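Chemist: Protein chains in written order, with my numbering: chain P, 1 to 326; chain L, 1 to 315.
These aren't lab readings, by the way, just hints derived from the structure by calculation.
Among the clues, some could well be false.
Here are the computed lysine-lysine pairs in the DSSO-like style, where the Cα-Cα straight-line distance is at most 27 Å [unchecked claim]:
no.: 1; chain 1: P; residue 1: LYS56; chain 2: P; residue 2: LYS233
no.: 2; chain 1: P; residue 1: LYS54; chain 2: P; residue 2: LYS323
no.: 3; chain 1: L; residue 1: LYS94; chain 2: P; residue 2: LYS56
no.: 4; chain 1: L; residue 1: LYS96; chain 2: L; residue 2: LYS79
no.: 5; chain 1: L; residue 1: LYS204; chain 2: L; residue 2: LYS126
no.: 6; chain 1: P; residue 1: LYS54; chain 2: L; residue 2: LYS126
no.: 7; chain 1: L; residue 1: LYS171; chain 2: P; residue 2: LYS323
no.: 8; chain 1: L; residue 1: LYS79; chain 2: L; residue 2: LYS53
no.: 9; chain 1: L; residue 1: LYS171; chain 2: L; residue 2: LYS94
no.: 10; chain 1: L; residue 1: LYS204; chain 2: P; residue 2: LYS323
no.: 11; chain 1: L; residue 1: LYS306; chain 2: L; residue 2: LYS204
no.: 12; chain 1: L; residue 1: LYS162; chain 2: L; residue 2: LYS126
The model shown is predicted, which means the values in this text are computed figures rather than measured ones.
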Amino acid sequence: MKKVTKLEKSIEEQIAQYGEKLLFSEAEYNRDNAEDGGYSNYSYWRSTWRSFTKNKVAMFFMYLLIAVLLFTIIQPMLPNQKDPNEIFWVGTAPDMNHRPDSEFWFGTNSTGQDLWSRIWHGTRTSLLIGIVVGFCNAFIGILIGALWGYVRMLDRFLTEVYNVLHNIPNSIVLILISYILKPGVGTMIFAMCVMGWLPMCRFVRNQIVIIRDQEYNLASRCLGTPTFRMITKNLLPYLVSVIMLRIALAIPAAIGSEVFLTYIGLGLPVSIPSLGNLINEGRIVMMSASSRYQIIFPSIVLSAITISFYVIGNSFSDAADPKNHV
Amino acid sequence: MLKYILKRLLQSVFTLFIIATVVFLLMRLMPESGYFGEEFDKMDPEQIEASLKAMGLRDPIPVQLMRFYTSILKGDFGKSIVFRPNVDVMKIIKQKVPYSLPFGLASVAIGLVVGISIGVLMARFKHRAPDMLGNAYVVIINAVPAAVYYLFIQIYISDLLKLPILYDADKPVSWILPAVSMSLSGIAYYAMWMRRYMLDQMTKDYISFARAKGLSNKKLMVRHVVRNAFVPIAQYLPASVLMTISGSIYVESLFSIPGMGGLLIAAVQRQDNPLVQALVLIYSSIGILGLLLGDLLMALCDPRIKLGGKGGANR
Chain P
1 MKKVTKLEKS
11 IEEQIAQYGE
21 KLLFSEAEYN
31 RDNAEDGGYS
41 NYSYWRSTWR
51 SFTKNKVAMF
61 FMYLLIAVLL
71 FTIIQPMLPN
81 QKDPNEIFWV
91 GTAPDMNHRP
101 DSEFWFGTNS
111 TGQDLWSRIW
121 HGTRTSLLIG
131 IVVGFCNAFI
141 GILIGALWGY
151 VRMLDRFLTE
161 VYNVLHNIPN
171 SIVLILISYI
181 LKPGVGTMIF
191 AMCVMGWLPM
201 CRFVRNQIVI
211 IRDQEYNLAS
221 RCLGTPTFRM
231 ITKNLLPYLV
241 SVIMLRIALA
251 IPAAIGSEVF
261 LTYIGLGLPV
271 SIPSLGNLIN
281 EGRIVMMSAS
291 SRYQIIFPSI
301 VLSAITISFY
311 VIGNSFSDAA
321 DPKNHV
Chain L
1 MLKYILKRLL
11 QSVFTLFIIA
21 TVVFLLMRLM
31 PESGYFGEEF
41 DKMDPEQIEA
51 SLKAMGLRDP
61 IPVQLMRFYT
71 SILKGDFGKS
81 IVFRPNVDVM
91 KIIKQKVPYS
101 LPFGLASVAI
111 GLVVGISIGV
121 LMARFKHRAP
131 DMLGNAYVVI
141 INAVPAAVYY
151 LFIQIYISDL
161 LKLPILYDAD
171 KPVSWILPAV
181 SMSLSGIAYY
191 AMWMRRYMLD
201 QMTKDYISFA
211 RAKGLSNKKL
221 MVRHVVRNAF
231 VPIAQYLPAS
241 VLMTISGSIY
251 VESLFSIPGM
261 GGLLIAAVQR
271 QDNPLVQALV
281 LIYSSIGILG
291 LLLGDLLMAL
301 CDPRIKLGGK
311 GGANR
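With the hints as constraints, model all of the structure from the sequences given.
Modeler: The structure is reproduced here in structure tokens:
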């Protein structure tokens, strides 16, 4: 990525003109060339992207994830897709535990619904929960973490609040809130957000404490920059890569929590398919070997998504570290 | 040191006090049927009102709170209402803990030994086959929800190794699968951090110096790298040992072990308020105590860490 300077260009032109013999010539004084200092056109994001693409495993999961995400969007528009809640009948009995064939690509579940369309609907629900939770946690965590780290008056108070909240087991809060409120996607998102912002908050706080008193911030403060601008322009840009890592890791975590809540019977109603619901339905019939496909298919889709997010998040945070840039 | 411990203990008591208050208030949001158990449907509103009054639940909230604090200080967590009517909450918990504890301790032991060995191997053979295999394992365990791989262990590994699917107190063979399943996440955790801390240590100057001095690789690893890398891990050890009391929700319900794991869920689902309060308080105090012991253990392992001074303890 070497930039060809004007000087080099003019030398090349001269060589072309006079041949190799004339390698040195008296330089004329040129105002523009004198100003033309050396600089590297280093771009943080371009370098990050370049070191990310070098990681073959991460790229594989990236393509996989893009394929899955696109497919969940496209799937309902494809021809011959079935409704995820429609029960199929054979004569008068529901077509239960129908093994996968050309009609039902992933078979039917124990109530006679099409597993293929349930899986893709479920993926959509779970991804929605995961992505919303990831962004909510990031937003709340950054907001409170930035205040905690930057506004000294709040430090003691927020430290106490953090200590209290941090000591309450996460699963207890999840269980209590999903129990008190009505089950649904909104409840689930709320329950996961109540505690989920804590790690992000603590991380942002610690980083800000480290960089808040560095010279450039001191200078900025002396010049009378308002706090809000200090936080958004001076401090947060340092944290972008880690914030993206946290969001990427929050998605598998949210899907895991959803599976957990469904497992203990506090999940979404069966009429809203989700990956947690599907795993749970599959678990009930898993002891007979012939209907194990009902747990294998959702598990494969779920694992593909969670592993992809996890690997991409981690490789991205490695790539975003300037120490790894060439 | 002593002053530091005292200060931390006082802080912990304050934290617990707030947690108790929050949980108590949350419990008041729950439906009132939770105080009656089975008979609720048969009672008319006046009876319900009368017995609520008799239980003191119609008193103003501050009065109720005070009563709650004093009974806790006396060590009285009340009696279970629905789960096992009129049995002391503490008695129920005491019956359940012995089932969970052995599995928990076994899984911590397996996780620590196997996890640290894997971590050392991964750091030793960085970017080679053992490291890649270990990384794949860590990624899978961390990314895939525990319920999913537990289910697959129960379906396939039990078949493969001819191990019983369900727990049976009289058959020690049936204890293997739950204990191993529980230790999987611990193995991944210790392996990941051990590898990371060891690689951090290996770039330090004192290692180059020791190598230049002519120390053999084996001695270098055992005496310097592993020892220093273990210090940050030691911090989490007490918490994970103490947390074994709470059992594992998934493993205990999948292998039908009658331990603590299912107790909290059963208590919440059946709205057994005193039981939920007691469990939340116990879990929180374990967590707080674990953090404190972790800091102390870290200071024991590494004499350079000074607690109580400015900065260091400010986690």
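Chemist: Going through the numbered hints above, which ones does this structure break? Give me the numbers in ascending order.
Modeler: 1, 3, 7 and 12
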